[in-house]
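J.: Spelled out, the chains give:
There are 2 protein chains.
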Amino acid sequence: MHEVLAGAGLKRGGARERVIDLLAAQPCALSATEIEDALRATGRSPGRASIYRVLDLLVEHDLAERVEVGDGQARFERQHPSGEHHHHLVCEGCGRLIAFDDPGLERAIGKLSDRLGMRISGHDILLRGACERCA
Amino acid sequence: MHEVLAGAGLKRGGARERVIDLLAAQPCALSATEIEDALRATGRSPGRASIYRVLDLLVEHDLAERVEVGDGQARFERQHPSGEHHHHLVCEGCGRLIAFDDPGLERAIGKLSDRLGMRISGHDILLRGACERCA
DNA sequence: GATGGTAATGAGACTCAATCCCATCCTTGT
DNA sequence: ACAAGGATGGGATTGAGTCTCATTACCATC
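If you read the protein sequences in the order shown, they are chains P and G. Under the numbering used here, the residue at position 124 of the first sequence is numbered 124, and the numbers go up by one with no gaps. Under the numbering used here, the residue at position 114 of the second sequence is numbered 114, and the numbers go up by one with no gaps.
A portion of the hints provided could be inaccurate.
Claimed, not checked - Partial pick of chain P residues on the chain G-facing surface, computed with a CB cut under 7 Å: (1) A41; (2) G70; (3) D102; (4) L105; (5) A108; (6) M118; (7) R119; (8) H123; (9) D124; (10) R128.
Since the hints were made in silico from the structure, they are not lab data. This one's a predicted model, so the numbers in the text were calculated from it and none came from an experiment. Note that CB positions come from ideal geometry on N, CA and C, so glycine has one too.
Work the whole structure out from these sequences, hints included.
T.: Listed below in structure tokens is the structure:
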């Protein structure tokens with residue numbers, strides 16, 4: 001990830017480094033606050049402003065994806081370079097986020113895009129339900 | 001809409017009356033703040049707390065739908081009694097919300113629900129793109 | 001039409017994620 | 001090593017949404 005940013009003419013910096021490394025090691029999306037807490041626990045949390053700056057930067061360069069669950073705070077997740085993306089299911093019982101992908105859904109959106117005759121540049125899909133633990 | 005709430009054993013009240021009437025007259029989703037401003041312009045805005053209470057109540061009774069566009073504020077839209085629901089496309093140019101529905105998409109989600117083997121109780125879909133004006 | 005139990009309302013304090021500002025520090029090309 | 005400009009951090013600020021609680025309005029009942 002660092003290389004992509006360097007290629008865009010950006011300088012390195014400790015805050016960016018730490019946020020990126022943390023995000024790269026996560027199995028699932030983290031909120032800015034969770035990132036701040038996790039980094040504070042290591043002893044060196046960047047300023048809040050830097051965290052948000054880094055996250056915006058990553059989203060801009062398609063290195064991370066913003067996931068909004070409707071609880072009033074944005075979560076961020078590493079975006080895999082392969083380009084394939086996935087969506088999330090929020091468990092209404094425990095709040096857990098579960099990732100999934102579905103070609104059928106993507107196909108349906110492709111067709112829909114044609115039908116509407118509008119250029120669609122992206123889509124967010126969020127399912128609500130019960131995870132196996134809570135069902 | 002009033003009848004449904006009355007049937008649920010709720011009493012009437014001026015605040016509810018005004019929020020419901022405003023929402024029923026809207027072509028598109030409004031945020032709580034927009035509702036407050038619009039009502040204040042008429043000279044009698046309910047308290048903020050009442051507005052949020054009424055909106056929650058409407059959503060609970062399926063009389064309104066919460067739409068989140070990712071700008072950090074929820075919007076609310078009258079839900080038609082027929083039960084059919086629609087989704088939204090946000091224009092990245094002007095921010096306009098455009099409603100659409102698509103059976104293919106609903107079908108894809110139904111199949112997906114089967115494949116995942118989880119009970120899915122709802123879904124939010126948001127497309128991003130350019131509206132005809134902005135394209 | 002008066003009464004009382006209960007829901008509805010409103011004002012404002014409060015929470016908390018996110019943004020803004022700006023002085024200072026650090027990276028990088030030369 | 002140096003300077004220019006991007007990166008950083010702390011702290012103040014914003015703004016949507018929540019909470020509390022005293023007061024008011026609704027309505028079934030008498």
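J.: Now tell me, hint by hint, if it's right for this structure.
T.: Results for each hint:
no.: 1; hint: A41; in the structure: violated, 27 Å
no.: 2; hint: G70; in the structure: holds, 6 Å
no.: 3; hint: D102; in the structure: holds, 5 Å
no.: 4; hint: L105; in the structure: holds, 5 Å
no.: 5; hint: A108; in the structure: holds, 4 Å
no.: 6; hint: M118; in the structure: holds, 5 Å
no.: 7; hint: R119; in the structure: holds, 5 Å
no.: 8; hint: H123; in the structure: holds, 5 Å
no.: 9; hint: D124; in the structure: holds, 5 Å
no.: 10; hint: R128; in the structure: holds, 4 Å
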